[in-house]
Structures are given as structure tokens and as C-alpha cells.
Amino acid sequence: METVQLKQQLKKQIVEFLNLLSVNPDDIKDNEPLFGEGLGLDSIDSIELIVLLNREYGIVIEDPKEGRKVLVDINTMADYIEKHRTK
Amino acid sequence: MFYIHQTSCISPQQTFKDIDINILHEPTDRKLQAIEPSYEAIPPGILRRMGKAVRMGVGAAMPVLQNTPVPDGIIIGTANGGKEDCVKFLNQIIDYEEGLLTPINFVQSTPNAVAAQIGLLTKNHGYNITHLQLGLAFEFAMIDADMLLAEYPLNNYLVGAVDDISTYNYYFEDKQGWYKKESISNKTLYDNNSTGSIAGEAALMFFVNGTRAGAIAKIHAVDTLHHEDESVMKEKLQGFIKRYLPGGEKIDLLLTGENGDNRLLKYYDRCESVVEADVAIARFKHISGEYPTASAMGLWLCCELFQKGSLPGHMIKRKGSAAAYKNVLIYNNYKGIQHSFILLSLP
Amino acid sequence: MDRIVVTGMGVISAIGNTVAENRVSLIGGKCGMGSLEMFSSKFSDILPVGEIKISTDTLKEKLNAHEPGVTRTTLLALHTMQEALTDSGSTGSEISAFDTALVSANTVGGMCLTDEMYRDSKKDLPGSEYISSYDYGSVNMYLQKRFAMNGPVNTINTACSSSANAIMYGARLIRSGRAARAIVGGTDSLAKFTINGFNALHILSNEVCTPFDEGRKGLNLGEGAAFLVLEKESDAAGKKIYASLGGYSNANDSFHASSLSDEGIGPYKVMKEALAAAKLDPGAIDFINAHGTGTENNDKVESIAMLRLFEKVPAFASTKANIGHTLGAAGAIEAVFCILNLSHQELYPAVNFNEPIPATGLKPVENYTRKTLTHIMSNSFGFGGNCSSLIFSKA
Chain A
1 METVQLKQQL KKQIVEFLNL LSVNPDDIKD NEPLFGEGLG LDSIDSIELI VLLNREYGIV
61 IEDPKEGRKV LVDINTMADY IEKHRTK
Chain B
1 MFYIHQTSCI SPQQTFKDID INILHEPTDR KLQAIEPSYE AIPPGILRRM GKAVRMGVGA
61 AMPVLQNTPV PDGIIIGTAN GGKEDCVKFL NQIIDYEEGL LTPINFVQST PNAVAAQIGL
121 LTKNHGYNIT HLQLGLAFEF AMIDADMLLA EYPLNNYLVG AVDDISTYNY YFEDKQGWYK
181 KESISNKTLY DNNSTGSIAG EAALMFFVNG TRAGAIAKIH AVDTLHHEDE SVMKEKLQGF
241 IKRYLPGGEK IDLLLTGENG DNRLLKYYDR CESVVEADVA IARFKHISGE YPTASAMGLW
301 LCCELFQKGS LPGHMIKRKG SAAAYKNVLI YNNYKGIQHS FILLSLP
Chain C
1 MDRIVVTGMG VISAIGNTVA ENRVSLIGGK CGMGSLEMFS SKFSDILPVG EIKISTDTLK
61 EKLNAHEPGV TRTTLLALHT MQEALTDSGS TGSEISAFDT ALVSANTVGG MCLTDEMYRD
121 SKKDLPGSEY ISSYDYGSVN MYLQKRFAMN GPVNTINTAC SSSANAIMYG ARLIRSGRAA
181 RAIVGGTDSL AKFTINGFNA LHILSNEVCT PFDEGRKGLN LGEGAAFLVL EKESDAAGKK
241 IYASLGGYSN ANDSFHASSL SDEGIGPYKV MKEALAAAKL DPGAIDFINA HGTGTENNDK
301 VESIAMLRLF EKVPAFASTK ANIGHTLGAA GAIEAVFCIL NLSHQELYPA VNFNEPIPAT
361 GLKPVENYTR KTLTHIMSNS FGFGGNCSSL IFSKA
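Residue numbers (this note's numbering), protein chains in the order written: chain A, 1 to 87; chain B, 1 to 347; chain C, 1 to 395.
Pulled out of the complex, with its shape left as it was, chain A reads as follows (with noise of 0.2 Å):
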């Protein structure tokens, strides 16, 4: 798959995974930060993004603390994703 199709993919996942009821996928831009400004997520969004990657994409993140260090942006996780998917 194509990183710009990855990272549209990836956007519309994490919408409906964390219910983000207000945000339109397009409007998500690949670099604006995940946590804190941004999008606002918080911590237990992070373990929620950690499950979304292993359920979609067959990655484990044991550690939520290192999990974060992937979850900066669309583009810090598709390039995760590309390097990691075993589906």
C-alpha cells in the first residue's frame, strides 16, 4: 500500500477507533501533534492506539511508554506501520 494511502486509512481508523465525533479524517493534518495540542488525545488514548495498531496491523507495543515515542503524528506512526505490519 501507498504511504499516502496508509496514512488516509490510518486517519479514518483512528476517527472511528477513538469515536472522535467531531473530526473529519481529511481534516487531520500528518504532522499536527496527536497528544496535547492537535488532536487533544490523552493517556488513554495511547493504550487505545496501541490496540488499534495490533488488531489492524498485527504490531505489539508492550510498553505504553514506549508506545508513545510512535504515537507523535499520522506520519511518525505510517512510518512505524510500514516498517513493523505483519498484516
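Derived by calculation from the structure, the hints in this document are not laboratory data.
None of the values given here were measured: they were computed from a predicted structure.
Accuracy of the hints is not assured; some may be wrong.
Said to hold, decoys possible - Derived BS3-like pairs: lysine-lysine, alpha-carbon spacing no greater than 30 Å straight-line: (1) A:K69 <-> C:K300; (2) C:K217 <-> A:K65; (3) C:K239 <-> C:K394.
Unchecked claim - Now the in silico label distances, taken between C-beta atoms and shown as ranges: (4) C:D281 <-> B:S38: 45 to 55 Å; (5) C:I46 <-> A:T76: 28 to 38 Å; (6) B:K181 <-> A:R85: 48 to 58 Å; (7) C:N64 <-> B:T195: 30 to 40 Å; (8) A:V72 <-> C:P68: 53 to 63 Å; (9) C:K53 <-> B:D95: 24 to 34 Å; (10) C:K279 <-> B:Q238: 40 to 50 Å.
C-beta atoms are modelled at their ideal positions from N, C-alpha and C, and glycine is treated no differently.
With chain A fixed as given, assemble chains B and C onto it according to the hints.
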């Protein structure tokens, strides 16, 4: 003894915006489902996680808390809490064979989720508690507020009740025979001589304190009983009235939780026999449906009565002689064993 | 004012089936954590738990509780309520009196039967014998019927501080004249539901928990139950009085659904208020039974709150290192342990502790100690920011 100053109600009827309880909405799919508002007061980032019970509870609380002093405590009665999220989490456990699971359903499923979320959203550091004793959960919440106000007369409390129809409880209750087998309208709820009632749901909030000025209603007392024998109930009720009805006053209206289940009629008959023949009798379960904390809806309807001066005709079972309803007794029965008594009057 | 006193107790945990057995284990620094055996789970050999090594069927036999739908959570409550009532010498007519209250707490209810609940929630499958047992209120409904109780019966939940609030509510029913005596407590059994829930939050440790230790990795879940009989001192003439309940408070941290604020707003406030209610200065507290779950967040924040409030932090320890985090039962079990401290004038060694948290330097009680104890504080902090503090005083 304490006073109600503000109320809020999200229910199957028009009770939240443009309140009009003369209109009676009917069940859909055999359930009286709440008319949910758009929850503008709940930030989307938080709303997205909430199950129905939690968003209804928080949604009912926010308008009250925006118009009142910061309460010294948040006291909620619920039989189920966020059980819908329980089922979602349970499904995850089974579907993913205890693998990697998302925690938000678990966090939202906890029985104290409504009270906790209200506290969290309003940054309230006061007393926070959830009462769960099924059909008496709301009563114990009210008694909690009553005791706290006796200890701290200058305090304010938010007291509420929430229970929703969820995949969890609907099939549990249905399989145990607590809902009508036949499809009926709530407009004829009391007419069928059959077992069961109709499922309902609601979230109600009451802002209470010890101050009479500006109050909507005065709660004289709330009491509870666990007993299957209707004679024991009658004796308890008589004692309750004798103890708490002020001298020289009489009850003008008896509001009951009669719900169309013919197995429970003996309790309501006994209750009606306690009041005099000229006391008006009204019912409310055709409005709310049956669910554990439904007595809160009865209380809310009394607050409406006190503010508007009359009750809709569809609530009246028997007309009384009083020109106006000053003293009201609410009796509710839950599954034959739990009895609740609330005595209230114009402030 | 007429003091509220404790005239009877019952407890069951991973370190003992009675008050006496638990005391022996506490003195000996016993750690009750081990593998999950009573039901099958993917986590059986991965996560240490404080399990009571008595099967549900054996409990039913011993307690003669063969009614359909009785759950393990209820059986643990029944066991300890019986011990407490026997201990207090409560008669049948006292138990059935209209002014005897029952107030207890749990967080699991009948959800310990995770698989049965899954099937019962499906539209097309017939209901099992447990279908009316999943509610939190069902434990008390059973106890009310079993003991033919006619007074107020209430179930409370404030997550991990639930049974501390059950104790408070019972005391307030007595203080307000709504009850003459209150049987108060809590119960929770291990359940696939809670194990998976806490695991999903990444706060369980795959090793035995080490409360207040620098290397702590999370909590271990446990199961258990405890009940206490509360009465006014003036009604307790001729009865054994273990301790009095001098003060209590409930306050909310309101920071996050599953973690405490950095400065410990809730814990600090609740300890301060409990002291004020008991009319005591912080220096009067001889020992704190801490919430101490072994999570990074709780133990650090609890330490900070103690340091903020106490000029010199009193001796403290967490008994969750012995029995695990028993959730809805924790407040009541830990209350019983505090009363053991008071009535025997002794402190038990904190187990599984090596190095203090560097930022605080606080060390729990290291050895069994005979000590003059007058006032003890017991703290419990739960999900949703529900914080509670109880102060027990020597009889």
C-alpha cells in the same frame, strides 16, 4: 428535611427542553427510550467516550450546575451505572480471547462513572458517592443528602438518579419476565391484567439544600423498606406518615409507581387503602417506563406540579377533593420487595 | 458525643479465612499472592493474584448456601458477615430489627461469572440461574433475605474506596437516628472482567506488587470480604468494644478517571477533613494503613499528600502487599486490619519493600513492632478520583 431548588430531566418524554408533560410519547420497539439532547455542555473529547447512562447523567447535571453554586457533593443513585460498557468490554474479552483490549469500556462501565464524570468535568472536589441498591438507589441518595444537610446546614448537594435501557439489562429483565410479553402502548399500561411492565430509562438531577427561600419543593422525609409482605409495607407506611406529616396537615395527592404488572397490584392497593377516600391518586410509570430508579421521575413530576399548579389528565387515576395539591406522598414498589416512601410539600 | 464503636468483625482474604488467621499472617509478614487457580484465564500463570484458595463449591457447602444464583462475591460476604455477627454476639432479633442497617460495597457483583453473563446478555439464549445476580445490589439482596433483615439495606460504590464509604454511611445512619446498629463492609471476588480491565490499563504487575518501592511496577488484584458491626457506645454495654470510629471523610480528586493529580488534591483534602472531623491534629495519628496499591501513580501521589499534610509522616504500610488490591472489599478489610493494630497495640511488617521512592525517601514499617497506638488512619483512593479516609481510635 431539605428543599429542592432546581431540577433536570432527560427521559422518554418532553422533559428537558420545552417541557410539556401533557404530551405522551409512546414506546418504540417495546421500550420507552429517552429523548436525548445534543449535549452541548459536554466537550466532544469527553462525550465520545461516554456510554448512554453516563452521557444522560452528565447531560442532565450540567444545566443545573451551570445555574447554581458549586455543590459540596455529588450523590447519584443508579442500579446499573455504565453497564452497557460492561457488555462491550465483556464482548472484547470473549472476542479477543483476553488479548489486547481497549480500556475505555472498562473505565466507563464502573458503577460510579456518572458521579465521577460529573465531578471530573466540573472539577468538583467535594463529596462524591454512588448508591446502587436497585429500586432504592435513588432513595438512599436522597437520605444521604438529608443526613449531610442535617450535619452541614449551609451546604448544597446535587442528587441524581440514572438508569438506562442497555443490551445488558434489557435481556436480563425480559428473560426474568419483568416486561410485558404482549406489545402494548404506555397509554393503556394499566389496563391489561397481565404480568410485566414496559422498559424505561431516564436521568434526573435535583439541586438541594436547607434553604426555603426560592425552593420548588420541601422534602419532609424519605424512607425505605425491604419486605415481601404487603401488610408490613402498610404498617411501615402508616408509621411514616404519622411521623413526618406535620400536625394539622393532610395528604392531598398520592403518586404511585403502579406499573401495569398485576403481581404488584396488591402493594398498590394496600398503599391506596392507607390514604383517605378523598385523596387524589396519580400514576407515573406510563410516562417513565419501569426501571430501578424510576421513583426519581415521580419526584420530578411533583416538582413540575408544584411549579405549574396541575398534573396532566393522563396521570390521574382518581380525582380528589383538594383544590390544590400541597402535600404529596410518593410510593414506589420495585419487584415486590423494595418499597420507597417520599413525603413532600410546597415549600 | 456518643462514640460510634466496633463490636464485631469478620474478614477473609488470601492470607486467612478469619480475623485470627489474618492476624497471624500479618504478624508473620505473609504474602498471599500466587497463581490464579479457581477459574481459567489466559493470565493464570502470568499475573500474581491474592486468591482465596477455597473453591466456590466448597464455600457453598460450608455456608449452606445452595440457592440458585449465589455468586462467589456473595459467599465471601456471607462468610464474613457471619463471623462479624457471631463475634458481636448479635441476636436474631437484633439482626432482624427495623433499626439494624446493612450497608456494603462491591465492584464486581455477579460479574465474577463473566462467561455466564456473556451468554445471559444474548437475546436468543435462555437465562441462566445467575440472571438476577449480576447487579451490584444482589449481594445485599441475598444477605437481607438470608438474615431476614428488615432495616435499611444499601449498596455503595466509589470504586476502590467503596467499603470505606459503606462504613461511613452506616456510621451516619446511626448518628442521624435512622439506625441503632449497622453491619457494614465490602466484598469482591476475582473475575476475568476485572483482571482484563486492569490489565488493559497497564496497571497490573506481572510480579508480586511492591507498594511504595522505587521499583514498583503495578498492582496485584486480590479477593476478599470484611464486615464490621457498628453501634453507639451507649448501646454496647457488656459487649466487647474493639475501637471507635472517630472521624471520616470523602472527597474527590477530580483530575482523571483512572489516575490521581500530581499534588494529590483528593488524598490531601480527605485526610485533612477526616482529621478535622475527628478533632485531631495530624501529629495525633500513630499509623496510616495506606492505599498503597503499588502503582507508580498512586504510591507517589499518596506519599506527596502525606508529606504535605504531616510535619512528620507517621508510621505507615500498605497491606495490599499481603493480600492484593481487593477493590470493593479493600476499605473494609483494611479497617479490620487497623482495628487489629489498635486492639493488640502492634504494627505489622510491610512486605515486598526494598528501596524508597527517591523523591520522597519514605519507608513503610519494616518490622513487627509493639507500639502504643491511639489513633490510626486508613486511606482508600479509587477510580473516578473517589478518595476516602477513616480514623479509628483505641477503645
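What are the numbers of the hints the structure violates, in ascending order? none
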